[in-house]
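Q: Spelled out, the chains give:
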Amino acid sequence: MSRLSCHGGTSIYISPLGDRAVRLEFGTEISEQINDLVHRAAFFIREKQPVFGVEEIVPAYSSLTLFYNPLVVLYEDVVFEIEVCLKELIERKEMKREFKGGVELSRRLITIPVLYGGEVGPDLQEVASLNGITAKEVVELHSKPIYRVFMMGFAPGFPYLGGMSEKIATPRRKEPRVHVEAGSVGIAGSQTGVYSVGSPGGWQIIGKTPVPLFDPYVVNKDPVLFHAGDMIQFIEINKVEYNKIFKEIEAGIYPIDIVSYPGGEGKRDLDGRCEQ
Amino acid sequence: MKMFEVVDPGLHTTIQDLGRTGFQHVGISPAGAMDDFAFQLGNLLLGNERNAAGLEMTMLGPSLRALQSSIIVLSGADLTPTIDGKEIPMWRPVMVLKGQLLCFERPRYGARTYLTILGGIQVPIVLGSKSTYVKGKFGGMEGRALEEGDVIEGEDSLRSSTISEIWGKLRKLQLSASVIPNYPLVGRIRVISGPQDHFFMKETLDVFYRSRFKITNQSDRMGYRLQAFKVTRDSLPVSLSIPYKENREMLTDIVTKGSIQVPGNGKPILLMADRQTSGGYPKIANVISVDLWKVAQLLPGQEIHFEKTSVEAAQQEFRKREYLFQQIEIYLRLQRQMTGGKIN
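Order-wise, the sequence lines are chains A and B. Once you know that position 254 of the first sequence is 254 in full-length UniProt numbering, the rest is easy, because the numbers rise by one and skip nothing. Once you know that position 45 of the second sequence is 45 in full-length UniProt numbering, the rest is easy, because the numbers rise by one and skip nothing.
None of these hints come from the bench; they were simulated from the model. Every residue, glycine too, gets a C-beta built ideally from N, C-alpha and C. One thing to keep in mind: the hints can contain errors.
Claimed, not checked - Not close to chain A: a few residues of chain B, all C-beta gaps over 10 Å, as computed:
no., residue
1, 29
2, 99
3, 126
4, 144
As the list claims (entries may be wrong) - Sample of chain B residues lacking proximity to chain A, with all beta carbon distances greater than 10 Å (derived):
no., residue
5, 21
6, 137
7, 234
8, 286
9, 335
What the hints assert, rightly or not - Here chain B is said to cover these stretches of chain A; the calculated rule only asks that three of the stretch's residues, wherever they fall, bring their Cβ under 8 Å from a Cβ of chain B:
no., stretch
10, 53 to 59
11, 67 to 78
12, 123 to 132
13, 135 to 146
14, 169 to 183
15, 188 to 202
16, 248 to 259
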């Protein structure tokens, strides 16, 4: 493992993940600052200063993994280039304080309509009683914050979200369900998430969104709705609205509410185009 | 063009190529052939692209009725392949005639066999690959393992006259015996330590590299669950655990094919082709790329022994293997060109 120290106190640990990937560690805790650094480094390497031989750039909570082709570039060479790249990134930060200019992240705020409770949210009451509050309060607490997508993983299109209120934290179900439908919104411990594909699962299911998070059969379009670094807010909808949105999605005319964050207006249609 | 009808799907038969790259950052697993060595040799023997889609079968092969005459290669595990009841050779091109039945009688050694077809299997390319990812329900044959009645499509442009002409060139092709792998009962698997080996005490790491690991029944394309054990002087196996240094939580992190994760129960999980892209357990080591095929060919009940190596050595081995593939490709091309002439 090699350690890259940069003046300003940032230490980045670089180590191999097998013979085809290299892992950069920016910290060991869940923190927005560290996660920002991960996403900035990912953005910088992807957009501004590509590293020769690198084929995939995969962010996690506090680390960034770069997959490369060892037929093209060897470990030592890739580490050398990454070090040059990171020094450049960190110096820009020091010169421009707030990452203005080239390395500013463009964040998106995506609003996800959710039908809470009832058939599609069978564990809502359980989450309420275990926390000594009403179902209505659970819905309010869940749809209030703006959540951050720290990373993607677990399943195609699944976001690891941060920012849920501890007041609705609930342990996983003792008896996992054999099948949880795609779109189901759940709580597991202090985490909340949306099942992007149908699968067995032990999360407490409190609602469901009609908006698809993953479609592998799209052509020339993004197969997933969320990306690491996005911000997400849930809004409560009723059964009538749910059915209306469901039909609009089937017909391909539902405009997913995506704006730049913070501030800025703009909606994205299903083709992923942004209308300003 | 319709090539084969699935009469019996076998235990778990899927369409695979070399996998899907470029989508791990949104949680999409690469999938792909478990044993990429046998798979690529199969395609090379047919003069296909090395990435051309083929069938991966596991332990119990399928029964396939040929709807067209075609040329195939079977590589990987020996599951006793037969055509109309007569055993056929592996690791070399075989002609299958329209109406014949391709079957697999019983597993002899190895776990996974590849059926590659001249021109490759034709299915829609989903996110850059034809590989089936069963857990995500996409790719290959409608995102699932083969079922009875499925029809496997091949290259349209191959007419029967072209096939007989190509068969004349391929029929005597053979690989040197030194290239064809054997599948031992105990896999000697080389690994690169880390990146979370600091979660374990030095003594535990020593145990890890000295122990033998049994592949448990909870093993599939996603990963193999392993049980460490040692053999005492009176030759009794004793189970061992791989504990953490201290009870420490790790943040969810990125994993890859060959990652060896150790959960709190001390029983390692070796991640394979259909792994998730992320995992929350410390990774004690990673299997090197050129040894992954050995893991792919091991069966539950068989054993693994881990040996430490360096990234530099692993990458040299990887480059050597690529060189071997290229040499085979050139050699086979020359053999094909000379066939029909003097040398044979």
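Q: For each hint given before, does the structure comply? Return the numbers of the non-compliant ones in rising order.
A: 1, 3, 5, 6, 8, 12, 13, 14, 16
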